[in-house]
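K.L.:
Sequence order for the protein chains is A and B.
With this note's numbering applied, the first sequence covers 2 to 331.
With this note's numbering applied, the second sequence covers -10 to 301.
FYI, nobody ran anything at the bench for these hints, they're computed from the structure.
Treat the hints with care, as some may be off.
Taking lysine to any residue and the SDA-like style, the derived pairs with C-alpha atoms no more than 25 Å apart in a straight line are [to be verified]:
1. 258/B <-> 287/A
2. 258/B <-> 189/A
3. 258/B <-> 187/A
4. 258/B <-> 271/A
5. 258/B <-> 192/A
6. 43/B <-> 188/A
7. 258/B <-> 188/A
8. 258/B <-> 196/A
9. 43/B <-> 187/A
10. 258/B <-> 193/A
11. 258/B <-> 289/A
12. 200/B <-> 221/B
13. 258/B <-> 200/A
14. 258/B <-> 74/B
15. 258/B <-> 191/A
16. 258/B <-> 190/A
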Amino acid sequence: MKSAVDQLVGAPPRAVPDMMFEAAALEPSISDAPRRVPQSHRAPRSHNRDQPSPSRLSRLRLLDMLVPVSLLLLSFVAACAAFPGAIAPYLPTDMHTDAILSQPGQTYWFGTDQFGRDVFSLVVYGARQSVLIGIFAVLISCTIGVSIGLTAGYAGGWLDTVLMRFIDIWMAIPNILLAIALSTVLGPSLVNTIFAISITTIPRYARILRGQALSVRSRPFIEASRAAGASHFAILRRHVLPHCSVQIMVLAALGVGSSILIGSGLSFLGLGVNDERPDWGFLLTQGRSYLTVAWWTVTFPGLAITSLVVSVNLLGDALRRRFDPRSAPR
Amino acid sequence: MLRRIVERFLVSLGVIFGAVTLIFLVLNWLPGDAATLIAGEDASPDTVHHLRVKLGTDRPLSDQYRSYLNGVIHGDLGTSFVTREPVVRRLAAQLPSTLTLTFSACSVAILLGIGLGVLSVLYRGRWLDQLIQSLSLFVHSMPSFWLGMLMILLFSVRLGWLPVIGNGGVLPLVLPVATLGIWLSVPLQRMVRDGMLEGLHEPYVTTLRAKGLGERRIFYVHVLRNAVTSTITMLGVMVGESLSNAVIIETLFARQGIGRTTVEAIGQKDVPVVQGAILISSVAYVLVNLLVDLSYTLIDPRTRLVTSKGTR
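Model the full structure from these sequences, guided by the hints.
P.N.:
Put into structure tokens, the structure is as follows:
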């Protein structure tokens, strides 16, 4: 109990795990943490407000309308990642030496870069890297983070303290710097980049899921299954985990976005995957030298990253609004 | 109260110690040998061995760790593999530049975040609110360096108002600070907005109204203050994010600073410098969080109350 209160109240900064995740965190935000502590072991859905939270009521029409658009965009990116050859007009290795740094136009929709490569084709071929990073980094970090968080929250006691102190230490290293350290040591490759990003993002899942597990742990149905002779592992898997599935889904959706952003940052610094395979972050690094003469070399790859991340975030947001008890009309 | 401060301080020290260990393990224990990397691929095993002895990486890890820890306690972060210069001196020279950048960026982010948050609440549901929210989402989904590139394209290339790179004076600082500040302001803006919208429906507002206080005063003094107070907890996270992104922003704008030194050191496989730079950022992050934590206890009496009742 001590550590529970401590975690929620004693250490406000730690309850906001990450800026990207701040909006997503279904865990009570700092602002209302102190207020909620006394009821933290009661049903998370029992809110002391008699009206739905106004912030969700005045929800934004514009963002709602963008959800179908982002679905469409996501399918297009997925198609690019799966069959780039069918979409891109040229190969990413084709160098049109007669059209170096040419403006966007009919032949080259997004223009060409300093080697005369078609920027549109590069962007299409680059989708695969980002998609792979987004999916696999989240799969790994989510699995590990959720396991740590659920174990800590459900077990409580010394195990909880040890695990969460470890997570605190983990989080003390600013995220991009940890990813940098890991990918420096491991060397640039897709697998290593994914590994570095996963390791960096584990704590967020752990922290939030711990809070969830903590609030579920003392509810009657858990006690009932315990009394019925279910093992701790079975309870975690059959009861606690499904109970948190919505939160996990939302976190994972937003995690895809932030993983892609960290990945693009790593390749921008030259630590990502910079072999022959085109990569959006690395395209930006290359385009940076030609910024003053060829705006298109940086604009389009950046736009690709941003629209992919926006889409994922919009979907995550929509998911949250759909399932967040606070936003449900009564 | 004093007891709480001491306790928090000790915990932070523990976290710093843990972070030192973690960074050390990541950089020294994981596969990848600095000597091999520095010597290059076609160096003879003899050369590599020689280099290893010279760098001190031939010793057992526990030995290295002990001497590193001993150094850290005495304020010595080792010597650079490449320049043979003390890491502390090299990083200390870069620190002011990074501090200027992160401090200014955080200030911009706070002003912008609170300002936009309030605007958003004033015009809630209307087009200005929708615009702010959509832009926020868009900006926070951008890589920070791309935002910087767009700013360069607009303000330096197209309009010619501001220099792209440089280290002296205020002008070269504008773009990096604006980029980082805008990027960091988004979560703050959301928090202020959500906090105020929720605050407006709290019972205390009804009380104030019943008391006959004007709407304007309720809004700007009471509700805003409460919303802003709770954003203090974001400061720690914000500093962490700005230190993280300083690496990228400094590289993009070719500014001096810890971040750029880190990137250079990575290129040269200069492990002690990378280690020292990450260590400094982590310590800064932990210290800011400690300060935030303590100041929050001072500002918000509820946290004190719950802690004393709930734990002791």
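K.L.:
Of the numbered hints stated previously, which ones are contradicted by the structure, given in increasing order?
P.N.:
12
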